[in-house]
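Asks: The chain contents come next:
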Amino acid sequence: MEKTQNNKAWFLVLPVLVIVAFSAVIPLMTVVNYSVNDTFGENAFFWNGLGWFEDIITSDRMHSALGRQVVFSAIILAIEVPLGIFIALNMPKTGFWASFCLILMALPLLIPFNVVGTIWQIFGRVDIGLLGHGLAALGVDYNYTNDAFDAWITIIVMDVWHWTSLVALLCYAGLQSIPQAYYQAARIDQASRWSVFRFIELPKMSGVLLIAVLLRFMDSFMIYTEPFVVTGGGPGNSTTFLSIDLVKMAVGQFDLGPAAAFSIMYFLVILLVSWVFYTVMTTLDNAETK
Amino acid sequence: MMRIRSSAVVMTLYLLFLLIPIYWLVNMSLKTNTEITSTFTLVPANLTFANYVTILTDPSWYMGYVNSLIYVVLNTVISITVALPAAYAFSRYSFMGDKHLFFWLLTNRMSPPAVYALPFFQLYSSVGLFDTHIAVALAHCLFNVPLAVWILEGFMRGVPKEIDETAYIDGYSFGRFFTRIFMPLIASGIGVAAFFCFMFSWVELLLSRTLTSVNAKSIASTMTRTVSASGMDWGVLAAAGVLTIIPGALVIYFVRNYIAKGFALGRV
Numbered sequence: 001m002e003k004t005q006n007n008k009a010w011f012l013v014l015p016v017l018v019i020v021a022f023s024a025v026i027p028l029m030t031v032v033n034y035s036v037n038d039t040f041g042e043n044a045f046f047w048n049g050l051g052w053f054e055d056i057i058t059s060d061r062m063h064s065a066l067g068r069q070v071v072f073s074a075i076i077l078a079i080e081v082p083l084g085i086f087i088a089l090n091m092p093k094t095g096f097w098a099s100f101c102l103i104l105m106a107l108p109l110l111i112p113f114n115v116v117g118t119i120w121q122i123f124g125r126v127d128i129g130l131l132g133h134g135l136a137a138l139g140v141d142y143n144y145t146n147d148a149f150d151a152w153i154t155i156i157v158m159d160v161w162h163w164t165s166l167v168a169l170l171c172y173a174g175l176q177s178i179p180q181a182y183y184q185a186a187r188i189d190q191a192s193r194w195s196v197f198r199f200i201e202l203p204k205m206s207g208v209l210l211i212a213v214l215l216r217f218m219d220s221f222m223i224y225t226e227p228f229v230v231t232g233g234g235p236g237n238s239t240t241f242l243s244i245d246l247v248k249m250a251v252g253q254f255d256l257g258p259a260a261a262f263s264i265m266y267f268l269v270i271l272l273v274s275w276v277f278y279t280v281m282t283t284l285d286n287a288e289t290k
Numbered sequence: 291m292m293r294i295r296s297s298a299v300v301m302t303l304y305l306l307f308l309l310i311p312i313y314w315l316v317n318m319s320l321k322t323n324t325e326i327t328s329t330f331t332l333v334p335a336n337l338t339f340a341n342y343v344t345i346l347t348d349p350s351w352y353m354g355y356v357n358s359l360i361y362v363v364l365n366t367v368i369s370i371t372v373a374l375p376a377a378y379a380f381s382r383y384s385f386m387g388d389k390h391l392f393f394w395l396l397t398n399r400m401s402p403p404a405v406y407a408l409p410f411f412q413l414y415s416s417v418g419l420f421d422t423h424i425a426v427a428l429a430h431c432l433f434n435v436p437l438a439v440w441i442l443e444g445f446m447r448g449v450p451k452e453i454d455e456t457a458y459i460d461g462y463s464f465g466r467f468f469t470r471i472f473m474p475l476i477a478s479g480i481g482v483a484a485f486f487c488f489m490f491s492w493v494e495l496l497l498s499r500t501l502t503s504v505n506a507k508s509i510a511s512t513m514t515r516t517v518s519a520s521g522m523d524w525g526v527l528a529a530a531g532v533l534t535i536i537p538g539a540l541v542i543y544f545v546r547n548y549i550a551k552g553f554a555l556g557r558v
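For the protein sequence lines, the chains are P and R, in the order given. All letters in the first sequence, in the order written, are residues 1 to 290 by the working numbering. All letters in the second sequence, in the order written, are residues 291 to 558 by the working numbering.
Please keep in mind that the hints were generated in silico from the structure rather than gathered at the bench.
Heads up, incomplete: computed chain P residues facing chain R, CB under 8 Å, no partners named:
#1 Lys3
#2 Leu12
#3 Ile19
#4 Ser23
#5 Ile87
#6 Ser99
#7 Leu107
#8 Leu110
#9 Ile119
#10 Thr225
Treat the numbers as computed from the prediction; the structure is a model and nothing was measured. Glycine included, every Cβ here is placed at the ideal spot set by N, Cα and C.
Bound conformation, chain P alone (with noise of 0.2 Å):
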């Protein structure tokens, strides 16, 4: 559509700037303040410089956090779209049974955060859960509170549980769109299912995959909440990942300097893959419509 050039349209903005920057803006500069900032107690801070980011670069906490948070988006993301697209191409259509799948695959999504964790926290226990008991009974030795790699495959199970029918439902969503005469075509040209899935269904569903993965990227890159409740960050470090250690640093230990440098430097990671994947995804519209 073209848009009239109209300068006044900041006062239909104004009340989402003010919310907006009384919830965002203020709070940024304090964290932009301690980061620069030192201090012993009582409201009284010095200046410190670039201190804090020197300190947090080097240090191998944050270097062995972020490198847990990388493979954990990176596995997350490895199974949930593939497995998101397969679901979607496997829903049904129309009718009834399309939206029983539809009401089922959205009830994870809507489970608060925490209630996410204490399921699989109940679920998973060897003395109560089914998980954790049946895998006993089989004679495997699963335990996730004190084995490292139990904890991780519980918390990636569980993030598959929760969000896999995020990306299921945008995909399916795109899937709705095509047209019936792509597929008459495709039926009339012999095509088969496998180059239909890669010629017709994948390149209509390319713009809605962008953002199941831009939303599954920026999610997992920030989970906080679940991991927390299921392992609390342990066995010792090993599902401790950005967030829960920042929160660590910063609520638990009250180490104001440290904690503001470590998030200034994780918005700046999590703004620069933003802006990537938004530079995409406008090209890609603008392309689309063109």
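With chain P held as given, fit chain R onto it using these hints.
Replies: Chain R only, in chain P's frame:
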């Protein structure tokens, strides 16, 4: 015929995978604590609703739900109210810095709540809003307002601009046009946006836990403190979990036809 059958198998397996953990939670909530810890049963041997009774009669439990619902509704109302005019501006006009502004709004959806937990605590304490419903509602605006603007903008783009122009020629003022003509046209969009605001505010734990202590304590943070002197109270914890799923399930049921539409815009 083979294809249909194989996809039914896939869907059944997937739905089972989704439902079994939920079933286990429901199962737990209907057992006594002794049954949970001493024996292992697939269905409750002595069916009991005592856990639910505990929650529904103890104010420190059920007020958690009331508090959560209050701030979620407040947040949804605030988000939609401020997002409507802004989304209209983004969909109809180009103005100085509009693209940068839009991207900046989106980055707030992407920023980790953990970064904001501590500054929020200090900000709201200093203005005397700590432990009030409005504090949590405002804090959740951080990610819900950008989201609402994004969703609504998508819906508004689908309404032809000629409608606006005709209304102005007919002598409608902006306010009257917006509330009488435009808002009914995008009613389903408002519904979808409200749904997502409700959902993201309802599931959030970190900020609501940081910003409340007693008077506005949310159900999510009530649940993180169930460790009593006699160990974990699993039955009550499970029952509380089941009760948090119910509002979500109700909301999904009412908006099921819009969900696919909202997702189709890809603006979650």
